[in-house]
Amino acid sequence: MGAYMTYKIVTKTNIPEFKKELFSVNRRFSDFLGLHSKLEEKHAHLGRIVPPAPEKSVIGMTKVKMSKEDDGTLAHDEFVEKRRASLERYLNRTASHAVLRLDSDFREFLQLDADLPKATNTSALSGAGMKRLFNRVGISVNKMTYKMDESDEWFEEKQQQLENLDDQLRKLHTSVEALVHHRKQLSLHTASFAKSAAMVGNAEEHTSLSRALSQLAEVEEKVERLHEKQADADFFVLAELLKDYINLIAAVKEVFHQRVKVFQNWEAAQQTLTKKRETEAKMHLAGKTEKLDQAKADIAEWEANVQKGQHEFEEISQTIRKEVDCFEKQRVIDFKSSIIKYLDSLIDDQQQLIQYWEAFLPEARAIA
Amino acid sequence: MLEHGLITDNDIRGVIVPPLPGNPSANAESAENRSKKQLGSSTRTLVGDEFDKTSRLLQKYLRHLINHPVFGKDPKLEKFLVQKEALPHVKLRKGLSSLLSSVWDNRKAAHPDCDEYFQKQRNYMTEYSQALYTASSAFNQIVYAEKSLGNAYGHLSTALKLQTGAQLGSNARLNKSLSRFSKGLEDFKHGLEVMSNNDERTLGLYLEFHAMYFDAAKDMLQRRVCLQVDYESANKALDKAKPNKKEAAQQAKLLAEKVFDECSDVARVEIKTFRQQYVVECSKVLELYAESRAKAAQDMYVLLTTCLDTLKT
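Protein sequences, first through last, are from chains D and V. Numbering that gives the first Met the number 0 applies: residue 0 is where the first sequence begins, and numbers increase by one. Numbering that gives the first Met the number 0 applies: residue 0 is where the second sequence begins, and numbers increase by one.
Just so you know, the hints here were simulated from the structure itself, not pulled from any lab data. Ideal Cβ positions, reconstructed from N, Cα and C, are used throughout, including at glycine. Take these hints with a grain of salt, some might be off.
Calculated Cβ distances over 12 angstroms to all of chain D for the following chain V residues [said to hold, decoys possible]: (1) Ser54; (2) Lys59; (3) Leu76; (4) Phe79; (5) Val81; (6) Cys113; (7) Ala215; (8) Ala247; (9) Lys257; (10) Val258; (11) Asp264.
Distance windows between CB atoms, simulated [said to hold, decoys possible]: (12) Asp347(D) with Glu115(V): 52 to 62 angstroms; (13) Leu187(D) with Val81(V): 40 to 50 angstroms; (14) His180(D) with Thr53(V): 26 to 36 angstroms.
Looking at chain D on its own, in the form it has when it is part of the complex (with noise of 0.2 angstroms):
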């Protein structure tokens, strides 16, 4: 299976950290989750919400490469499609980052002309998924081992109210998963009955009649290609909506976790700091001098630690409350345009609708 798949990314901008204000490369699905493994190493840990990648899925893929038969093309061209809109979507939220879109790995995936080293640790798990894998761990591990002595409510509350999304999120996620389904049935059906139609009106031997009934066929077979449009839009503009946004959650915990971690480097630093004072402290009474210039060392070289510590974990919170402000306000505009965008394919839809069974009408008056 030496094939693969490339993707063009053509980039449109004006900022001047960019070489030209018109570009474009091609690009394979693991440089994309190479590239988001690095952000996530670059980023995350300074509390900034690295958007991530589309999920590698092996199923998919394999049988996607495995099969040529003609029912094998239609499944292919669904996936690509899938994977083509997720990874658009995945760069323009990465690109919609003040600080990403000027990482300089970030310009580089989108500028470089040339073939970008083969990731590495892209293996079966993305390395997005697996280090999420491990991180569950170490996030559950860590709650039985170590609470943090939380001195500000907004970061508990937010915490809540982002399990509370996730758990709402996923529960549409299922429903319209649900609608997806049933429409695609609504489709074959109708392609059925199109079909069945047809055959009534061959059978059929009245001229106008017959031709009214081929003509009903037609019509129908028209509704069922609105009914796969419409189902499309159902999975695109809603269900991946939903999945993306559950994905984001995933990402947003990811910095909380990381400002847990960021204050127990504090508060580790604080402890070894009060050990050396104790330290200094003992030497001064057991009054061993020659000692005494080694202990005050460290304590300076502790202070400096903690200092350092607590400027860190201020920095975090800080960029994390930005950072979370910018995921709801985005998070209202998306959903806002998804919503909008939805009741317009609605809208398309029955208007066709109107138009098809408006032009059938005077073929059925004119039969008999």
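Please build the complex by placing chain V on the supplied structure of chain D, with the hints as guidance.
What follows is chain V alone, placed relative to chain D:
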């Protein structure tokens, strides 16, 4: 019982008998089975009694009886329609299907028709009835799928409604949008329900009834062929008859011939009427169906644009 009476009292041999719709049971278990069959085995929604559908089919059945030259004049039918007291419930000794089958015999019915016109009609009825059954079954699937889709929208709408209470505090604007969206989806669900009901009442009903009706026409032609076989047998018997039995055989042959000819005359008229009626009814139903579909789309268009307007403000 009515059907039993009409059939036994009248010479139905050349007559196409309008089909009596079956009697679906109305208890909890059958409702559950029907729901599973229509909406899928994982559904938790119960489909209502098919009472509405049955009563509409019966209405159609009665209308056809009334308009029929033979049955329309039968006093039993008038009594059925007019009499205010409940009719006595009598258990039929012989089931209806066995009654009809006593009139014709499977083996005889397979015999080719001597008349080209009637043979052609028989082929036509067979083919057409099959096509209608297939179309009817496919159309019913559409109706069920419409109902399921409506339910799915209902669930989504409810899920959204329940959640707008517990939104992230800062998102009052999103709250409003989501609850308006939820209302829009609820309305859309109702639109789908109305559409599926109308579909059922127009094309759905029509296809189901007429598939059975074409079958009834085919049955009639088969009964005629049985009489043909009887006539041919009587003829052969006459040829072979011994002199002392000649007179009786001659009588038998003349009777068989008369019955056969009368049947053929009635059948010719019946077929012509049947096919003409069918074209008229079919075109009417197609018109009704298309009109109701166009109207449903129109109504949903209005509902959705109203919802969209409330969201854009």
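### Query
If you check each hint against the structure, which ones fail?
As far as the earlier hints go, not one is violated by this structure.
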